[in-house]
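K.L.:
So you can see what is in the structure, the chains are spelled out below.
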Amino acid sequence: MNNYHSTSNFNTTISRLRDLLNEYRGRPLDENLSEKIENAFLDLEAGIAGQGAEITKPSENTEQQKERRKFERRNKDKIVDAIGIGLCLLNKDLKVTWANQTLCDWLNLKDSPVGNTCHDIYHCDEIGTAVCPAVNVFNGNVSNIIETWIESKNRKKMCVHHVAMPILDADRYINEALILTIDATESEKTVHRLLLLQRLGQAMQGILHLDKLLHLILTCVTSGYAFGFNRALLFLINKELNVLNGKLAVGPSSHEEAHQIWKDISNKYGSLKDILDKLDYSHNIDTPLNTMTKLMVYSLSDTKEVVILCAKEKKPIIIKEAHNDPRVTEEFRKALRVDEFVCVPLIAKNKPIGVIVADNAYTGEPISEDYVNILTMFANQAALAIENAGTYKRLEDKINQLTETQQRLIRSEKMAAIGSMLSYIAHEIRNPLVTIGGFAKTLSRFTFTDSKITTNIDIIIEEVKRLEKILNNITDFAKPSTLEKVDMQICEVMENTCILMENYFQEKNIKLHKEFETDVPSISIDPAQIKQVFLNILINAVEAMPDGGDLNISIKSGIESIEIDITDSGKSIPQDLLQNIFDPFFTTKPNGTGVGLSVSLKIIENHGGNIAVESKHGKGTRMSLILPIK
Amino acid sequence: MTTILLVEDDKNQRLLYEQELSLEGYEVVTASNGREALEKVQVQLPDIVIMDINMPKMDGIEAIGKILSKNKEIPVIINTAYSNYKDNYMSWAADAYIVKSSDLSELKDTIKKVLANRAEDS
Chain A
0 MNNYHSTSNF NTTISRLRDL LNEYRGRPLD ENLSEKIENA FLDLEAGIAG
50 QGAEITKPSE NTEQQKERRK FERRNKDKIV DAIGIGLCLL NKDLKVTWAN
100 QTLCDWLNLK DSPVGNTCHD IYHCDEIGTA VCPAVNVFNG NVSNIIETWI
150 ESKNRKKMCV HHVAMPILDA DRYINEALIL TIDATESEKT VHRLLLLQRL
200 GQAMQGILHL DKLLHLILTC VTSGYAFGFN RALLFLINKE LNVLNGKLAV
250 GPSSHEEAHQ IWKDISNKYG SLKDILDKLD YSHNIDTPLN TMTKLMVYSL
300 SDTKEVVILC AKEKKPIIIK EAHNDPRVTE EFRKALRVDE FVCVPLIAKN
350 KPIGVIVADN AYTGEPISED YVNILTMFAN QAALAIENAG TYKRLEDKIN
400 QLTETQQRLI RSEKMAAIGS MLSYIAHEIR NPLVTIGGFA KTLSRFTFTD
450 SKITTNIDII IEEVKRLEKI LNNITDFAKP STLEKVDMQI CEVMENTCIL
500 MENYFQEKNI KLHKEFETDV PSISIDPAQI KQVFLNILIN AVEAMPDGGD
550 LNISIKSGIE SIEIDITDSG KSIPQDLLQN IFDPFFTTKP NGTGVGLSVS
600 LKIIENHGGN IAVESKHGKG TRMSLILPIK
Chain V
0 MTTILLVEDD KNQRLLYEQE LSLEGYEVVT ASNGREALEK VQVQLPDIVI
50 MDINMPKMDG IEAIGKILSK NKEIPVIINT AYSNYKDNYM SWAADAYIVK
100 SSDLSELKDT IKKVLANRAE DS
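Those protein sequence lines, which keep their order, are chains A and V. Quick note on numbering: numbering that gives the first Met the number 0 labels position 557 of the first sequence as 556, and the sequence is numbered without any gaps. Quick note on numbering: numbering that gives the first Met the number 0 labels position 111 of the second sequence as 110, and the sequence is numbered without any gaps.
Looking at chain A on its own, in the form it has when it is part of the complex (with noise of 0.2 Å):
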């Protein structure tokens, strides 16, 4: 009756831990943890089955009852260390009744804790209170969990969950607590990662500073808060210049400095706000290791260099060899002096923008592929933060370059006003001047007999071409630029003298025909003034055609000119006009200045040019303009 009682109350319990295992799932623990746990629990309840059977055998003789119990216990007790939790029986007085050997283990016990208070050997704080899972277990309650961080027998950092469980006695009176210690170090590690991970992730989108940025990206890499790697080296791609530039570089530069500052590093960082508020990025810019990143600098059609292939590939690369890995080069194993190291490629809108790599030199500590993986997400935050950094900078630039062309132009206004002022007092002097030197010059050719009179009149005109001289240099300060001459595409600035007049065309129903060739080469010629010329013709051409009509308009290169044709088919110049048509003042046009043309043909003419007319009636005016080439 008795032992079909304790069985029963096994059994009981096992379905319990049963339970709550089911409830545990789901939450962050190891999947394979709980399979495990459950597969031992199946066997343990096999061995109990075992016992109950033997205990009714009556037969036996206590002596060898009390081996094969013996036998049996330390079977059990193997089971129980194979499970991979840890477990220990605590009585109504919160005092240990037994612990298996993987709680000894994981709390650094020395001596059996059977007799102590948990206190002593959980150092929990939470003994007696409502949070302490023995104590609800024992009022009746369902037990919660408490989490705490140990360390280890050998000296492992670990993450436990306690959990408490009733044992039930016969008469169904809980007599004993059981606390089960389960081992949730990765799940939260995993779980700090990825929550480390967003945080950083918001604290990088914020700062929009780049050199700010990519220290902040690279003291994340090597703090022992997040990532821990001993050394971090940030390369970005210049589209420009087609390469991939090492930026910077955190981490000690030698096995000294690494002893050195070590303990101070990984110290120094103990969660995120510090690394915001502690980031120091003077401090590491002088180092040999960032000096030599900085020189490092690879072309993107180098694909035999680990880093190109990384950023090319947009995939991470874990070098465990470096001597033997046909991936890296001699030069970039010389360069960091590792085996094993890992490139991450920075990726923003799906493109790459660079390359981080980090190792660990001198902890020599191997890289887990989690790590690599969780790195891998840092950087795509990372460079999507480099990305808009850029971006400011280089909204930044175009506000600057706006503010200085602000203030240049304010400086050549003001320049103007001098100018203007200075060309107004220049002219008002000049004039009386040219009276005073004229006369004194016309006086100086009449013979006096005092000599003093010559002199003095010399004197005058001395003076006065001294003056003159005086009021030139300023004249010419206030004198505007003339010509003003860059290389370029004809096509371009009457492509452009086009859409200017488009609107006109409409409305006059002037069909444009262009027929450009494709390679005509640029040339020297001051584009407002040429523009200028075009316009002139053009409005003549639109003029000639009241009731509309086709404008041809042809560019062609010849060896050493270029010409531009300009037809069109309105009405034609008469021919005993056509000879006066540049001349100056000359017009035909009702309200016609008579500048237009021969302004432009000046303008041609300046440039080295010609312009050639040829009209024929009904046939229309084509206007032929030759610019050198040279």
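It is worth saying that the hints were derived from the structure and are not from the lab. All C-beta atoms in this analysis are idealised placements derived from N, C-alpha and C, irrespective of residue type, glycine included. Treat the hints with care, as some may be off.
[Claimed, not checked] Stretch-level coverage of chain A by chain V, calculated; a stretch enters the list once three of its residues show a Cβ under 8 Å from a Cβ in chain V:
#1 428-435
#2 456-468
[To be verified] Straight-line alpha carbon distances no greater than 30 Å define the calculated DSS-like cross-link-like pairs of lysine-lysine that follow:
#3 A:K464 x V:K107
#4 A:K440 x V:K10
#5 A:K468 x V:K112
#6 V:K71 x A:K588
#7 V:K65 x A:K530
#8 A:K464 x V:K10
#9 V:K112 x A:K440
#10 A:K601 x V:K65
#11 V:K69 x A:K588
#12 V:K71 x A:K530
#13 V:K107 x A:K601
#14 V:K107 x A:K468
#15 V:K111 x A:K468
#16 A:K570 x V:K69
#17 V:K56 x A:K588
#18 V:K69 x A:K601
#19 V:K71 x A:K601
#20 A:K601 x V:K111
#21 V:K65 x A:K588
#22 A:K440 x V:K107
#23 V:K112 x A:K601
#24 V:K39 x V:K107
#25 V:K111 x A:K440
#26 A:K588 x V:K39
#27 V:K111 x A:K464
#28 A:K464 x V:K112
[Claimed, not checked] To list a few chain A residues with every Cβ distance to chain V over 10 Å, as calculated:
#29 N74
#30 D170
#31 E187
#32 H191
#33 L209
#34 T302
#35 I373
#36 E386
#37 D449
Please build the complex by placing chain V on the supplied structure of chain A, with the hints as guidance.
P.N.:
Using the frame of chain A, we list chain V on its own:
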């Protein structure tokens, strides 16, 4: 005798040019602004016009335009205190552009040159 129409608003300067150019053997007719110059041209066609630009009533540029549109064969020399009218397309119609100086030799030389060119052309 070669007739010069001198257009100049400054009274003393007008006197200076008149004296100096007369000494060179020219017959000098004067006008103190553009409008007066047009009237003088209608009365007697000069062989050459020396034109100041900055003048009251009608400036030299406008006067040149009006004179040349009727009598485009008359040579014109611009004689001004301003150098920047050189950039004005309208001034390009003139045969020469001189910046005023107390040394009148440039003006005298230019008159000779322009008249000689015209004589060659015709």
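K.L.:
Would you mind marking each hint as holding or not holding in the structure?
P.N.:
Hint check results:
Counting residues of the stretch 428-435 of chain A whose C-beta sits closer than 8 Å to any C-beta of chain V gives 7, which meets the bar of three, so the coverage hint holds. Only residues whose beta carbon comes within less than 8 Å of a beta carbon in chain V count, and the stretch 456-468 of chain A has 4; three or more means the coverage holds. Restraint check for K464 (chain A) and K107 (chain V): satisfied, since their Cα atoms lie roughly 18 Å apart, inside the 30 Å limit. This hinted pair checks out: K440 (chain A) and K10 (chain V) have alpha carbons roughly 18 Å apart, not beyond 30 Å.
About 25 Å separates the Cα atoms of K468 (chain A) and K112 (chain V), which keeps this hinted pair within 30 Å; it holds. For a cut-off of 30 Å, the pair hint linking K71 (chain V) to K588 (chain A) stands: about 18 Å separates their Cα positions. A threshold of 30 Å between alpha carbons decides the hint, and for K65 (chain V) with K530 (chain A) the separation of about 28 Å falls inside it, so the pair holds. A C-alpha spacing of about 21 Å is found between K464 (chain A) and K10 (chain V), which places the hinted pair at or below 30 Å, so the restraint holds.
Distance check on the hinted pair: K112 (chain V) and K440 (chain A) sit about 22 Å apart at the alpha-carbon level, within 30 Å; holds. Taking the CA atoms of K601 (chain A) and K65 (chain V), the gap is about 20 Å. The hint holds against a cut of 30 Å. The suggested pairing of K69 (chain V) with K588 (chain A) holds, with an alpha-carbon distance near 15 Å, which does not exceed 30 Å. Our distance criterion of 30 Å between C-alpha atoms is met by K71 (chain V) and K530 (chain A), whose separation comes to about 28 Å.
Between K107 (chain V) and K601 (chain A) the CA atoms are separated by roughly 26 Å; this keeps the pair inside 30 Å, and the hint holds. Pair hint K107 (chain V) plus K468 (chain A) holds up; C-alpha atoms about 20 Å apart against a cutoff of 30 Å. With a C-alpha separation of about 25 Å, the suggested pairing of K111 (chain V) with K468 (chain A) holds against the 30 Å cut-off. Between K570 (chain A) and K69 (chain V), the direct Cα distance comes to roughly 25 Å. Compliance with the 30 Å bound is thereby established for this hinted pair.
Between K56 (chain V) and K588 (chain A) the CA atoms are separated by roughly 26 Å; this keeps the pair inside 30 Å, and the hint holds. Restraint check for K69 (chain V) and K601 (chain A): satisfied, since their Cα atoms lie roughly 21 Å apart, inside the 30 Å limit. With a C-alpha separation of about 17 Å, the suggested pairing of K71 (chain V) with K601 (chain A) holds against the 30 Å cut-off. With a CA separation close to 24 Å, the supplied pair K601 (chain A) and K111 (chain V) stays within the 30 Å bound.
Our distance criterion of 30 Å between C-alpha atoms is met by K65 (chain V) and K588 (chain A), whose separation comes to about 16 Å. Under the criterion of a C-alpha separation no larger than 30 Å, the hint pairing K440 (chain A) with K107 (chain V) is consistent with the structure, at around 14 Å. Proximity of K112 (chain V) to K601 (chain A) is assessed by CA-CA distance (about 21 Å); at most 30 Å being required, the pair is judged to hold. Proximity of K39 (chain V) to K107 (chain V) is assessed by CA-CA distance (about 22 Å); at most 30 Å being required, the pair is judged to hold.
Of the pairs offered as hints, the one joining K111 (chain V) and K440 (chain A) holds, with about 20 Å between alpha carbons and a cut-off of 30 Å not exceeded. Using a Cα cut-off of 30 Å, the hinted pair K588 (chain A) and K39 (chain V) holds, with the two alpha carbons roughly 27 Å apart. Annotation: proposed proximity of K111 (chain V) to K464 (chain A) holds, straight-line Cα distance about 24 Å (limit 30 Å). Among the hinted pairs, K464 (chain A) with K112 (chain V) is consistent with the structure: their alpha-carbon atoms are about 24 Å apart, no more than 30 Å.
No beta-carbon of chain V comes within 10 Å of the beta-carbon of N74 (chain A); the shortest separation is about 111 Å. Non-interface call for D170 (chain A) relative to chain V: holds, since the shortest CB-CB distance, roughly 118 Å, exceeds 10 Å. No Cβ of chain V comes within 10 Å of the Cβ of E187 (chain A); the nearest lies about 81 Å off, and the non-interface call holds. The claim that H191 (chain A) is not at the interface with chain V holds, since no C-beta of that chain comes within 10 Å of its own (minimum 75 Å).
Distance check on L209 (chain A): its Cβ is at least 48 Å (rounded) from any Cβ of chain V, clearing the 10 Å threshold; non-interface status holds. Annotated as non-interface, T302 (chain A) keeps its C-beta farther than 10 Å from every C-beta of chain V; the closest such distance is 59 Å. Residue placement check: I373 (chain A) keeps its beta carbon more than 10 Å from all beta carbons of chain V (closest about 70 Å). The beta carbon of E386 (chain A) is kept farther than 10 Å from every beta carbon of chain V, the shortest such distance being approximately 50 Å.
No Cβ of chain V approaches the Cβ of D449 (chain A) within 10 Å, the least distance being about 23 Å, so the stated non-interface status holds.
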